[in-house]
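Chains as they are written, first to last, in this note's numbering: chain A, 96 to 469; chain B, 0 to 284; chain C, 5 to 368.
Calculated directly from the structure, the hints in this document are not laboratory data. Heads up, some of the hints might be wrong.
[Stated by the list, open to error] Think about it this way: if two alpha-carbon atoms lie no more than 27 Å apart in a straight line, the pair counts; the simulated DSS-like pairs of lysine-lysine are:
#  : chain 1 : residue 1 : chain 2 : residue 2
1  : C       : K120      : C       : K171
2  : A       : K384      : C       : K126
3  : C       : K126      : C       : K18
4  : C       : K171      : A       : K424
5  : C       : K171      : C       : K18
6  : A       : K217      : A       : K203
7  : C       : K228      : A       : K424
8  : A       : K424      : A       : K395
9  : A       : K395      : C       : K313
10 : A       : K395      : C       : K199
11 : C       : K228      : A       : K279
12 : C       : K171      : A       : K395
13 : C       : K21       : A       : K424
14 : C       : K207      : A       : K437
15 : B       : K108      : C       : K171
16 : A       : K384      : A       : K424
17 : C       : K228      : C       : K171
18 : A       : K437      : C       : K185
19 : A       : K424      : C       : K185
20 : A       : K424      : C       : K120
21 : B       : K108      : C       : K21
22 : A       : K130      : A       : K279
23 : C       : K18       : A       : K437
24 : A       : K384      : C       : K171
25 : C       : K185      : C       : K207
26 : A       : K424      : C       : K199
27 : A       : K437      : C       : K171
28 : C       : K117      : C       : K228
29 : C       : K228      : A       : K437
30 : A       : K437      : C       : K313
31 : A       : K176      : A       : K123
32 : A       : K384      : A       : K437
33 : C       : K115      : C       : K171
34 : C       : K228      : C       : K207
Since the structure is predicted, the reported quantities are computational estimates derived from the model, not experimental observations.
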Amino acid sequence: MSDIALSLEGLDKIYLRRSKRPVYAVNKLNMGIEKGEIVALLGSSGCGKTSTLRMIAGFEDVTNGTITLAGRRIDQLPPAKRNVAMAFEGYSLYPPLTVRDNIGFALKSSAMQPAQIDRAVKEIAGLVEIDSILDRYPSSISGGQQQRASLARALVRRADLYLLDEPMGQLEPQLRAVLRGRLKNLLAERAMTSIFVTHDQTEANALADRIAVMEGGVLQQFATQRDLKDRPANLYVATFIGEPPMNVFDAGLTNADRVRFDVANGPMLDYAASELPQAVRAAIGGRAKAVVGVRPHFVKLGAGPHAAQVVSNQWLGDQSHLALNVAGKLLVAVSHAPVPVKAGETICYAINASNLHVFDAETGEAVCHGAEPA
Amino acid sequence: MEHTSTLERLIRGVLIALVLLFFLFPIFWIFLMSFQTNEDILRIPPSVLFTPTISNYQALITGKLVTVAGTLDIAFMKNLWNSVLLSTVSVGLALILGVPAAYAFARFKFPLSEDIAFTLLSFRFAPPLLVLLPLSLYYEQIGLTDTYVGLIWVYQLIALPLILWIVRGYFEDISPDIESAYRIAGHSWWRTFTRIAVPLAGPGIAASGLLAFIFCWNNFVFALILASADKQPVTVGSLAFVTASGIQYGQIAAAIVLSITPTLAIALWAQRYLVEGLSLGAVKG
Amino acid sequence: MAQIEVQNLHKSFKTGKVLNGVSLDAETGQIVVIFGPSGTGKTVLLRLIAGVEEPDAGTIMLQGRDMTEAAPEARGVGMAFQNFALFPHMSAYDNIASALTAGPMTAMQIKAKVDKVAALLKITHVMQHAPRELSNGQKQRTALARALVSDPRILLLDDPLRNVDAKLRYEMRLELPSLLKASGSTVLYVTQDYKEAMALGDKIAVLLDGAFVQIATPAEVYRKPASLGVAQLFGDPALNMVPAAPVLRNGAPVFELGGATLAMPVSYAGAAGRDCVIGIRPEALVVEEQPGPGSFPVEVVAVTPLNEKSVLLLRTMDGRELLASEPGDEVASRRHGPACARFDADSILVFDAASGLRIASQLN
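Just chain A, same shape as in the assembly:
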């Protein structure tokens, strides 16, 4: 039995409004996080991720449901009694204290010696690269530095759970890449159970062991980055995860001796029955319509049974993005090598059956991923 550190059961956050329908900011959320795990709450703005974080921290009341941390129920406790450390999106440093004192603030009430506190503060400050400004005041440092100080303040504590709200949103891309590596290292080394909120999937992918994708207050899927990418539970997750986004097409489906996906100007994909396992063909069943998805990196260019006209060929330094015209929509392909073809020319492409995703046309639920039924 794995070691569950944090458990959310039936969590609801409902806003009642006069003479209008109630708003479900968070809707029946169930989630279990293991000790030492790093979890990302990922979604676009308004999806409920920040509300969830604030309920766990204690800054918002829970409408329904329970939150259990390290074996005790915390949803009715005030924030100070939950043993949770939080780094806020708005910087919230104490203005009259220096950065050093801000970071070490919570440690003062612990049993640590001043020398120990000083060492811990210096170490964390070095990690986020603010050791040169430890003796400055919050009003005199930049937004990015304030954000890192806020992060350091949360990380230096010994808590059961660490909550980080968009921890690197204000930082430049270069710094972000380096800090991500260091932060991941620190959290893993010290087995710090943490949840962080972000709308940036690169951040989620880089730091998290598992990612919870939320939309409209509902948890869409809670899985590793690999699973979200290779086995998305529904169309929302499939098109949200991945840059460039997954190509999706409405297709007519014929499931006979050949399995064919047809779009407006002809077959888009055509497979021999043997290329798809029986289990998959059974899952697709007798549907006449489906939504097919394929990730841009798996559209193989240059050779293959299908052809399309190139709409654009953009080279981005370390990879090429091409857009092909299929049924009036754009099929995006990514290649790590330059592709010598210009807009207006025709190119052949192939999509291996194992890279194909099929979704139900009505519900958006996944039907099969490549060679396996969903």
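Please arrange chains B and C on chain A, whose structure you already have, making use of the hints.
Chains B and C only, in chain A's frame:
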């Protein structure tokens, strides 16, 4: 954070009721007085029960007051008309001058603009009595005493600063990019001002205009000193009820009711207008 | 005759000097991207060209005519703003039509043009809505429609995709080039996203510290950046910077890294004896188990996936941190711990440590 106990709500209700009572009671009492004869008013102990009469209102409207000493002519209706005229024209003039000026203050940072703006606002702070004596002497010299023009000019001291400051704030809230976009779309500066800036500042212009109207209407001192009988507004005109034969409380009450009805109605109506206001969804953030 | 000719523009505000002598040309039908980090004056430059602000010095020629002093309404440009700047008290239709109502067209003609551009941008169904009822994506398209509807010869786009969500931003990035080319306008496009710059621009003008440090094609800016500042802005993750002082050994330049002596291409012999910064792009660093020619020992500290790539955080024996990236994100199979790194010597970039300018090899 969302639970307020029943006790809190009870205390809150009681306090609100007390405040309302404090403010509304005088108006309520005056309203009652306006329907009472002088005898009812002066009766001790005062009573809420009485036979209502409309003789006070009749006296005001017909302009004839019957007292024990004889029949007096009352110019109340003329006073009412003066109030309407002075307030509307003053506010109208202040809007014509103030709205473009507010725009200038909001958009163009010329030297000393803050200082000039503050000076103009300071006119609101200065007690009118400070300027009245010298002003009345100057008015005598240039022949503006007891003229509508003279009064309207003085009333700008009340209306203009208010309109400038409120409308300037509204203009500042409009993102300059919106006006830039309209100019780039091919429209002249004047069209941008009239078609974009003024409509978007509309709630502010309306609110400040209405507020200025109320303050002009309520003004007493300027009209008292700088105007006489046939140019006086209702605020001064009410003094006429202090007659040689005694204070006509009933008529005063009726006069007050008639005087405050327009401004009260405006304030209630404008409140809804302002709350509806335009929401600027057109600019991100 | 260039459609847009900007010469030596200067502009200061109370907060400081924003543009310090910038010059730029754009030919008919070109898309020129003005690229740089936030706050560097890109939006100010666009405003000067639109006529909404006046330069302190310099000239602006549009379609061959001097427009430095001209009012915005006389310049005949179309502009789309970063925060949309739609008129809140008008419907989407009226917003777009405003670009035509100042001219001589009849209402029927205006309607035809507005309907056409709305269909092109797929916003026909929201024409009667007020801006506050539109989603961000629809607002952005309405702003773009307003800029395009009058068929302006010159189009100024100020980071139009900035405030739009990632999925829509990618779609627009694919559609915009053909849309803009079809309109035939000369386009100045401002962005902070280097991928957008490389995807859209015929030319990229990199604005740093109030001046253009490089104006070149995307390929040149990526492969031959004029300075360290430029090189750092293009590439995700950003390029590794290694301070070094190359010396000549047997006539060939070499430098120290991570305890090993690594060879540079002979054409960089001129860099010997100077204080340099060597730039190594993450995709050029190869991390292997076994040492090979030109390898140096590293420790793999962390591996993070990044869009179908893996980014490895490496630490050399002398404590320097490097980032390497490789295709495929089989993160689980990547082991932490000791490994060997090497790079193709021809792929490095060499910069002068003092000035930051790139030192060209004798070949380029």
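Honestly, which of those hints from before does the structure not fit? Going through the list in order, the structure violates hints 3, 5, 7, 11, 13, 15, 17, 23, 28, 32 and 33 and respects the others.
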